[in-house]
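Engineer: Using the hints, position chain H against chain U.
Keeping their order, the protein sequence lines are chains U and H.
At the far end of the first sequence sits residue 480, using the working numbering, and the numbering has no gaps.
At the far end of the second sequence sits residue 804, using the working numbering, and the numbering has no gaps.
If you are wondering where the hints come from, they were derived from the structure by calculation, not from laboratory data.
Think of the CB as a built atom: it goes at the ideal place given N, C-alpha and C, for glycine as much as any other residue.
Don't take every hint at face value.
Claimed, not checked - Computed list of chain H residues with no C-beta within reach of chain U, every gap over 10 Å: (1) Ile69; (2) Arg75; (3) Lys135; (4) Arg209; (5) His220; (6) Arg231; (7) Lys246; (8) Lys317; (9) Lys362; (10) Glu390; (11) Thr439; (12) Glu457; (13) Glu683; (14) Gln717.
Said to hold, decoys possible - With the C-beta cut set under 7 Å, the calculated list includes, among others, these residues of chain H facing chain U: (15) Ala78; (16) Tyr137; (17) Asn152; (18) Ala235; (19) Gln238; (20) Pro239; (21) Thr316; (22) Leu344; (23) Ala346; (24) Ala419; (25) Asn428; (26) Pro479; (27) Ala480; (28) Phe725; (29) Met728.
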Amino acid sequence: MASAVMNMTTAALDWVSVAFDAPLARAVVFGVHIDGHLVVEVLLVAVILFQLTRKSYKHPKKPLTEKEIDDLCEEWVPEPLHPSISEDMKAEPPTLESAAGPHTIIDGKEVVNFASANYLGLIGNEKIIDSCVSSLEKYGVGSCGPRGFYGTIDVHLDCEERIAKFMGTPDSILYSYGISTIFSVIPAFCKKGDIIVADEGVHWGVQNGLHLSRSTVVYFKHNDMKSLENTLEKLTRGNKQAEKMRRYIVVEAVYQNSGQIAPLDELVQLKEKYHFRVILDESHSFGVLGNSGRGLAEYYGVPVEKIDIITAGMGNALATDGGFCTGSVRVVDHQRLSSSGYVFSASLPPYLASAAISAVNYLEDNPSVLSSLRSNIALLWKGLSDVPGLTIASHPLSPIVFLKLKKSTGSSKGDLELLSNIADRMLKEDSVFIVSTKRSVLDKCRLPVGLRLFVSAGHSESDIHKVSGSLRRVAATTLAEHL
Amino acid sequence: MVRLPYLTVLTTLFSYGLLFAFGQMRDFFRRLIDWSKSKSKDLKGYAPICLGLEDFYTRRLYLRIQDCFSRPIASAPDAWFDVVDRYSNDNNKTLHRTSNTTKCLNLGSYNYLGFAAADEYCTPHVIDSLKKYSPSTCSVRVDGGTTNLHTELEELVARFVGKPAAILFGMGYVTNSAIIPALIGKGGLIISDSLNHNSIVNGARGSGAAVRVFRHNSPSHLEEVLREQIAEGQPRTHRPWKKILVIVEGIYSMEGDLCKLPEIIAVCKKYKAYTYLDEAHSIGAVGKSGRGVCELLGVDTADVDIMMGTFTKSFGSCGGYIAASKEIIQYLKYTCPAHLYATSISPPAVQQVISAIKVILGEDGSNRGAQKLARIRENSNFFRSELQKMGFEVLGDNDSPVMPIMLYNPAKIPAFSRECLRQNVAVVTVSFPATPLLLARSRICISASHSREDLVKGLEVISKVGDLVGIKYFPAESPKLAEQKKNLCSTQLMAFSYFEHHPSLIDCAYLPCMPTEISLLPQQVGDVTSASSCFLHCYSSDDDPQLPGADAGNLDSSDSVDIAVLRPPSVVDQISHTPMVAEPNDEKAPKQQVSGEKKRKINKDQTGFVTGRPKEGNISKHRRPHGGPRESNDKKLKADDDMKTPKPREEILAGCIHVRARRGEATDSHSLAERVRREKISERMKVLQSLVPGCEKVTGKALMLDEIINYVQSLQNQVEFLSMKLASLSPMLYFDANSDDYMNKAERVMRSTPLQVSYVGQTNHLRSVALEDGASNYHMMGHSAHLFLQDQGTTSFPQV
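Chain U with its partners taken away, still in its complex shape (with noise of 0.2 Å):
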């Protein structure tokens, strides 16, 4: 086979030989003979040039024509700004007709309202509209400013030094709106490249932190310090890198989503295994854990050193608005012109600052309410016990009373719509005024869906009884219903 290809060749070459031969064989130019491979050769590189000289083959580019674009605007039809309107979007809340203290007025009625986070029963506190009134006499509503320029009232520095005193912290700094604090503060410290662990409970203002940071984001079970261990080990083992990066870990202190509480004294045994920092959102928890409610740190012993950045919300057990960071000088200062919510929003109106200051001066003179408050959540947890369909999800000393469904309907639409339902006619048939948690669906929290109760210091043991007997009652029959 192979001889035959090579005869073959040797045949062809022969005769393409002797056809150039034929002609130029004799030919002689400047005294050199022409071979017919020098004819090929010449040949060959005139081709070469030939083709050198001409352009290398472009994909054709072209731009698109004045025209082209004309059209293709004309073409483009944007999606509506807003999906279409469902039924279910145009569900109103029901609208107060008074404070909202344990007693309020829906629709003319008096309800008994376990919907509001006034765990300390501080709203209509005479004390505190004192002080509100005479700081509104003297500073006006708005701040008109942000605290860089001229937006710093002196009861501003005042609350601060309060809180950090009242914390046993160094300082503290205002932040002029609850949910903003902890999504300005986690941005300040966290830039792209740095390691933030948190638990997949988080509300969604912490999410938003989470993902304006840049940083990388791992998300351990929902208070599971087994699962956070294994993150931490998983992420620090042989990381020679990891050293260098700020590492983060981010809980809340009472998850608004579970009402349960984050084991605080594992946390910081973990923490300074791997060398973490910790941000603690105690906006449901300050205030209210602890002999002299001063947090979650004071309830497990931890010194409150040992956690590193401590924010809350005001909105909650102090019954004013606006939020908190506290920690380290150093963390603190840092804020000052690196934190985006306290830098370029307008300052915390000075009534409210100084309603925080009476309220924490409450609390320190009244411990005697942390007790009520604890005596109710037990109360109610007991009355809760044994509620059809129902199972309470939430720690013992939560102020947040999470029931979620004993069996899911399957969807978490399908859930909310039933639980929404148990609200609605309690609040319509008993005038219990309760709550379903809503969700965005922006809101990456998977956990599940439930009623939620705030207990508060000022409900009485009747407005307790009321709760549970009703709930008992329609659940009964809403379910019944249901199935």
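Structural biologist: Okay, now just chain H, sitting in the frame of chain U:
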């Protein structure tokens, strides 16, 4: 925008370089000291809170001048407030409060309408609602955080801004940063002005949508970006964008300039992009009845999809709102995280806004609201023009209560701030993180609660300190000129009364504005070019047919002659307030440009070109409604709007599309603006052609122009002849102007507003300066004009 002189750039960069070098040196020694000490034991294993140079700026630059920022106050932020004295024992590293306070004039707070302090109407209501509702609801809006007050304010805000529905939030910052993610997400595109507020930036970043930026306040660049993005689609996948949201602000807080809303809306409508208008600083502060930039610039609120604003500034409260269609609000109430998860806005703060809006609307039974609105406008325009006259470089547009004074050099920041404070004037200075590094500035915010004496005191101090610190980057106006301006006011009034009495003349297409005519008495005027360049501006607004009526009202509204004297172009300031007159803003643009080009040509021939120009302007305006392909397009676009609103509105919108390209872009055949411009030129040429006898016969633009020049020259000769005759009859014509002054002035205008001159769409500021200048020339013409007119009666001008 600012154009930096080289020297300033060099000195500023040098200063920063020096600060940086010293900072580095100090860091070096700090490290040496730290190293010699034992390493801190706690932090072992932790990365520092700030890595590398992250806090270098804070440590080495900011701390040195820390006392200029975050000054605590001990009273309401009213016109005067008590600034708490502070001292430092460690070179400004830490500051300590004392119990002493100093009473200072407040030029820093956003207290535009003066609602910050206790108010006779608002405060009692607020205290009542505080007692009724307590400071907080402790709950979110969808649970137990909605009180009667909340629903009342939502309805009131919707009514006030002119949208079907509204939703409230407890903080302005959160309004932006939580709403944008709810409106747009992955696959969407946000096109944002390059100088938008941080809250918008954060909101856009949080949304997950792609973000593109267009040049600050430049509709033509916005259009470019829109075209490119729609044509290209999403990066890599090239799928079309799901939706495009264009975000702009009404008044830019660090620039003080008004958004070019009509043009931007027109562009957005053309490309089907949604618009989001942040009125944080403009709502309540501008517009005839305080309804913000839409009212001021004559934009129908139906054309803006999302209107956002805050209650912090004009209303003296806290929180923010979104106003939009019913469906959008319903959707936001269903899904916006700040509505679902954030404590609802404090009821007394809500009550404050309700009361403030009622005062503004006059529903409190007094006219205090109207007075406040008039005051803030008057105060800001007075303050701005005075600052400009002193030679400060002041940014921003007329009517905007925010006026940044450029400082540039870093050393001037603390110097200006401390010196002012020492003389009991509290000003805000802004530098790097909030502005570009080179463009440090001081920002003045004017309030309706400032009295005239307050402002004069503030001006005196600022002027003194300005001299000391050396921030008067322009030559101050000479006292002589100021004197002339004073005189001018009286003539001006007379001149306008002429308009009032003979309004019919204004409509006459062939009537050139009268002082222009006089300016053709040539050589005496001095430098024709500089003088006439002012006239261009001057008359382009004056030939607006609406003027007689508007102006009559304006004259009444100016409090007294005193004020008119202090504020030279008093009438001019107000022109921009009647929404109808927003129209010349747009109309003027092409006109000036055309004439500007022509000017250059014709000036060579030493001919007066001015006669031709106003004619051309007038005529083209009269003709415009009849035709032009662009018009018909616009009409189609706005057909539905026309049903609702009659003529003036149509004209405004017709004007909107006349977007002017920036310098250098004009020749770019890709830009729509260029096409529009060309169309307009040819349109004008046609008008000219029909005007000048014998012009139809020639072809070619050059020949045609020659013909026109000849014609104009002949007209001019006639005029000259006539006026010579006139002068012999009444020898009182005189010109006492110092031509050098005008030269300087005109040059200054050109220099101070380089972009504005080239970009004529930016109107207010330009017009004010220009008119001021025009007005000063006006003065010298004034007497003669009057004599001329008196003698001639109403038929003085050569009719063609």
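Engineer: Take the hints in turn and mark each one as holding or not.
Structural biologist: Outcome of the hint check:
Interface exclusion of H/Ile69 from chain U stands, the closest Cβ pair being 12 Å apart, more than 10 Å. For H/Arg75, the requirement that its beta carbon stay farther than 10 Å from each beta carbon of chain U is not met, with the minimum near 6 Å. For H/Lys135, the condition that its CB be more than 10 Å from all CB atoms of chain U is violated, with the nearest at approximately 6 Å. Consistency note on H/Arg209: stated as away from chain U, yet its beta-carbon is not over 10 Å from all of that chain's, at 6 Å minimum.
At roughly 18 Å from the closest C-beta of chain U, the C-beta of H/His220 stays outside 10 Å, upholding its exclusion from the interface. Remark: the non-interface label on H/Arg231 conflicts with the geometry, its nearest Cβ contact in chain U lying 5 Å away (cut-off 10 Å). The non-interface label for H/Lys246 is inconsistent with chain U: the shortest C-beta to C-beta separation is roughly 5 Å, within 10 Å. For H/Lys317, the non-interface assignment is contradicted: its Cβ lies about 7 Å from the closest Cβ of chain U, within the 10 Å cut-off.
At roughly 15 Å, the least C-beta separation between H/Lys362 and chain U is larger than 10 Å, which holds for a residue marked as non-interface. Every Cβ of chain U is farther than 10 Å from the Cβ of H/Glu390; the closest lies at roughly 22 Å, confirming the non-interface assignment. Listed as a non-interface residue, H/Thr439 keeps its Cβ farther than 10 Å from every Cβ of chain U; the least gap is roughly 13 Å. With a least CB separation of 21 Å from chain U, H/Glu457 remains clear of the 10 Å interface cut-off, as annotated.
Separation of H/Glu683 from chain U is adequate, the least Cβ-Cβ distance of about 15 Å exceeding the 10 Å criterion. H/Gln717, annotated as away from the interface, keeps every beta carbon of chain U farther than 10 Å; the closest lies near 41 Å. The interface hint given for H/Ala78 is met, as the beta carbon of that residue sits about 5 Å from the closest beta carbon of chain U, less than 7 Å. About 5 Å separates the beta-carbon of H/Tyr137 from the nearest beta-carbon of chain U, less than 7 Å, and the hint is met.
The criterion of a C-beta within 7 Å of any C-beta in chain U is met by H/Asn152, whose closest approach is roughly 6 Å, and the hint holds. At its closest, the beta carbon of H/Ala235 sits 5 Å from a beta carbon of chain U; the interface hint therefore holds under the 7 Å criterion. Nearest Cβ of chain U to the Cβ of H/Gln238: about 12 Å, over the 7 Å cut. The hint is violated. Hint on H/Pro239 is violated. Least Cβ distance to chain U is approximately 16 Å, over the 7 Å limit.
Checking H/Thr316 against chain U: minimum C-beta separation of about 4 Å stays under 7 Å; hint holds. The beta carbon of H/Leu344 is positioned within 7 Å of a beta carbon in chain U (closest approach about 5 Å), and the interface hint is therefore held. At about 4 Å, the closest approach between the beta carbon of H/Ala346 and any beta carbon in chain U falls short of 7 Å, and the interface hint on this residue holds. The criterion of a C-beta within 7 Å of any C-beta in chain U is not met by H/Ala419, whose closest approach is roughly 18 Å, and the hint is violated.
Taking 7 Å as the C-beta contact cut-off toward chain U, the hint placing H/Asn428 at the interface is violated, the least distance being around 14 Å. Residue-level restraint check for H/Pro479 is violated (minimum Cβ-Cβ distance to chain U is 31 Å; threshold 7 Å). The beta carbon of H/Ala480 comes no nearer than 28 Å to any beta carbon in chain U, farther than 7 Å, and the hint placing it at the interface is violated. The interface hint given for H/Phe725 is broken, as the beta carbon of that residue sits about 52 Å from the closest beta carbon of chain U, more than 7 Å.
Hint status for H/Met728: violated, given a least beta-carbon distance of 55 Å to chain U, over 7 Å.
When each numbered hint is compared with the structure, violations occur for hints 2, 3, 4, 6, 7, 8, 19, 20, 24, 25, 26, 27, 28, 29.
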